[in-house]
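**Student:** Protein chains in written order, with numbering that gives the first Met the number 0: chain Z, 0 to 78; chain D, 0 to 78.
Honestly, the hints are just simulated from the structure, not real lab data. Any given hint could turn out to be false.
As the list claims (entries may be wrong) - Under the rule of at most 30 Å between Cα atoms (straight-line distance), these lysine-lysine pairs were calculated in the DSS-like manner:
#  : chain 1 : residue 1 : chain 2 : residue 2
1  : Z       : Lys9      : Z       : Lys58
2  : D       : Lys52     : D       : Lys1
3  : D       : Lys9      : Z       : Lys63
4  : D       : Lys9      : Z       : Lys9
5  : Z       : Lys58     : D       : Lys52
6  : Z       : Lys9      : D       : Lys52
7  : Z       : Lys39     : D       : Lys52
8  : D       : Lys39     : D       : Lys9
9  : D       : Lys58     : Z       : Lys9
10 : Z       : Lys9      : D       : Lys1
11 : D       : Lys39     : Z       : Lys1
12 : D       : Lys39     : Z       : Lys52
13 : D       : Lys63     : Z       : Lys58
14 : D       : Lys52     : Z       : Lys52
15 : D       : Lys58     : Z       : Lys63
16 : D       : Lys63     : D       : Lys39
17 : D       : Lys1      : Z       : Lys58
18 : Z       : Lys1      : D       : Lys1
19 : Z       : Lys58     : D       : Lys9
20 : D       : Lys39     : Z       : Lys58
21 : D       : Lys63     : Z       : Lys9
22 : Z       : Lys1      : D       : Lys58
23 : D       : Lys63     : Z       : Lys39
24 : D       : Lys52     : D       : Lys63
25 : D       : Lys63     : Z       : Lys63
26 : D       : Lys1      : D       : Lys39
27 : Z       : Lys39     : Z       : Lys52
28 : Z       : Lys52     : D       : Lys58
29 : Z       : Lys63     : D       : Lys39
30 : D       : Lys9      : Z       : Lys39
31 : Z       : Lys39     : Z       : Lys58
Number of protein chains: 2
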Amino acid sequence: MKARVHIMLKNGVLDPQGDAVRHALGALGFDGVDGVRQGKVIELDLAETDAAKAEANVKDMCEKLLANTVIESYTIEIV
Amino acid sequence: MKARVHIMLKNGVLDPQGDAVRHALGALGFDGVDGVRQGKVIELDLAETDAAKAEANVKDMCEKLLANTVIESYTIEIV
Numbered sequence: 000m001k002a003r004v005h006i007m008l009k010n011g012v013l014d015p016q017g018d019a020v021r022h023a024l025g026a027l028g029f030d031g032v033d034g035v036r037q038g039k040v041i042e043l044d045l046a047e048t049d050a051a052k053a054e055a056n057v058k059d060m061c062e063k064l065l066a067n068t069v070i071e072s073y074t075i076e077i078v
Numbered sequence: 000m001k002a003r004v005h006i007m008l009k010n011g012v013l014d015p016q017g018d019a020v021r022h023a024l025g026a027l028g029f030d031g032v033d034g035v036r037q038g039k040v041i042e043l044d045l046a047e048t049d050a051a052k053a054e055a056n057v058k059d060m061c062e063k064l065l066a067n068t069v070i071e072s073y074t075i076e077i078v
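Next up, chain Z with everything else stripped away, as it sits in the complex (with noise of 0.2 Å):
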């Protein structure tokens, strides 16, 4: 079973990175382009094979490795 986690700043966090990102692109001359923000995506291939217990074993991995909870946001998807 696969796990797809997206880890996002949360929203007021200032993004130094989306921010380079977006001047790159008008250096390019995209215009048009109000925000970037950048962010993880983390896949994971997990021998669970019930998709309510691989998203609670996922969700503490979240809690206690792969997100920082005070500055970052998560959502996880199991396909």
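Given the coordinates of chain Z, assemble chain D onto it according to the supplied hints.
**Tutor:** Below, chain D without anything else, positioned relative to chain Z:
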């Protein structure tokens, strides 16, 4: 209009960051994680209102700046 771009290392390209996460999960007692791949997600806020044009535009951005197409693959999602 918002676009979300997922950028992952292609299969066969070593992913040390993903391996580091896998080892750390193992050290924390999370068993049954067979593989981890880490990638980037970029959320773009676009002024363009036509979905097809926006997608073509974002594809161009990926080819020129966002992804290193030699080792990375990308998927575009218009939301």
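**Student:** For every hint, state whether the structure bears it out.
**Tutor:** Each hint, compared with the structure:
Using a Cα cut-off of 30 Å, the hinted pair Lys9(Z) and Lys58(Z) holds, with the two alpha carbons roughly 17 Å apart. Simply put, Lys52(D) and Lys1(D) have alpha-carbon atoms about 12 Å apart, close enough for the 30 Å limit, and the pair holds. Between Lys9(D) and Lys63(Z) the alpha-carbon distance is near 28 Å, which keeps this suggested pair within the 30 Å criterion. Our distance criterion of 30 Å between C-alpha atoms is met by Lys9(D) and Lys9(Z), whose separation comes to about 28 Å.
Note on Lys58(Z) and Lys52(D): the hinted pairing is violated, with a Cα-Cα distance of about 37 Å set against a maximum of 30 Å. For the given pair, Lys9(Z) sits about 29 Å from Lys52(D) by alpha-carbon distance, which is consistent with the 30 Å threshold. For the proposed pair Lys39(Z) and Lys52(D), the alpha carbon gap of about 26 Å is at most 30 Å, so the pair holds. Proximity of Lys39(D) to Lys9(D) is assessed by CA-CA distance (about 13 Å); at most 30 Å being required, the pair is judged to hold.
For the hint pairing Lys58(D) with Lys9(Z), the CA-to-CA distance comes to about 26 Å; that is within 30 Å, so the pair holds. Distance check on the hinted pair: Lys9(Z) and Lys1(D) sit about 17 Å apart at the alpha-carbon level, within 30 Å; holds. With a CA separation close to 17 Å, the supplied pair Lys39(D) and Lys1(Z) stays within the 30 Å bound. The suggested pairing of Lys39(D) with Lys52(Z) holds, with an alpha-carbon distance near 26 Å, which does not exceed 30 Å.
Between Lys63(D) and Lys58(Z) the CA atoms are separated by roughly 35 Å; this puts the pair beyond 30 Å, and the hint is violated. This hinted pair does not check out: Lys52(D) and Lys52(Z) have alpha carbons roughly 41 Å apart, beyond 30 Å. With a C-alpha separation of about 35 Å, the suggested pairing of Lys58(D) with Lys63(Z) is violated against the 30 Å cut-off. Restraint check for Lys63(D) and Lys39(D): satisfied, since their Cα atoms lie roughly 16 Å apart, inside the 30 Å limit.
Between Lys1(D) and Lys58(Z), the direct Cα distance comes to roughly 26 Å. Compliance with the 30 Å bound is thereby established for this hinted pair. Straight-line distance between C-alpha atoms of Lys1(Z) and Lys1(D) comes to about 26 Å, which keeps the hinted pair within the 30 Å bound. A hinted pair counts as satisfied when its Cα atoms are at most 30 Å apart, and Lys58(Z) with Lys9(D) qualifies at roughly 26 Å. Under the criterion of a C-alpha separation no larger than 30 Å, the hint pairing Lys39(D) with Lys58(Z) is consistent with the structure, at around 19 Å.
Proximity of Lys63(D) to Lys9(Z) is assessed by CA-CA distance (about 28 Å); at most 30 Å being required, the pair is judged to hold. Restraint check for Lys1(Z) and Lys58(D): satisfied, since their Cα atoms lie roughly 26 Å apart, inside the 30 Å limit. A C-alpha spacing of about 20 Å is found between Lys63(D) and Lys39(Z), which places the hinted pair at or below 30 Å, so the restraint holds. The hinted pair formed by Lys52(D) and Lys63(D) meets the criterion: a straight-line CA distance of about 17 Å does not exceed 30 Å.
A distance of roughly 36 Å separates the Cα atoms of Lys63(D) and Lys63(Z); the hinted pair therefore is violated under the 30 Å criterion. For the proposed pair Lys1(D) and Lys39(D), the alpha carbon gap of about 16 Å is at most 30 Å, so the pair holds. With a C-alpha separation of about 23 Å, the suggested pair Lys39(Z) and Lys52(Z) falls inside the 30 Å cut-off, and the hint holds. At roughly 37 Å between alpha-carbon atoms, Lys52(Z) and Lys58(D) are farther apart than 30 Å, so this suggested pair is violated.
For a cut-off of 30 Å, the pair hint linking Lys63(Z) to Lys39(D) stands: about 20 Å separates their Cα positions. For the suggested pair Lys9(D) and Lys39(Z), the alpha carbons sit about 16 Å apart, so the restraint of at most 30 Å is met. As the CA atoms of Lys39(Z) and Lys58(Z) are separated by approximately 16 Å, the hinted pair is consistent with the 30 Å bound.
Of the numbered hints listed earlier, those contradicted by the structure are 5, 13, 14, 15, 25, 28.
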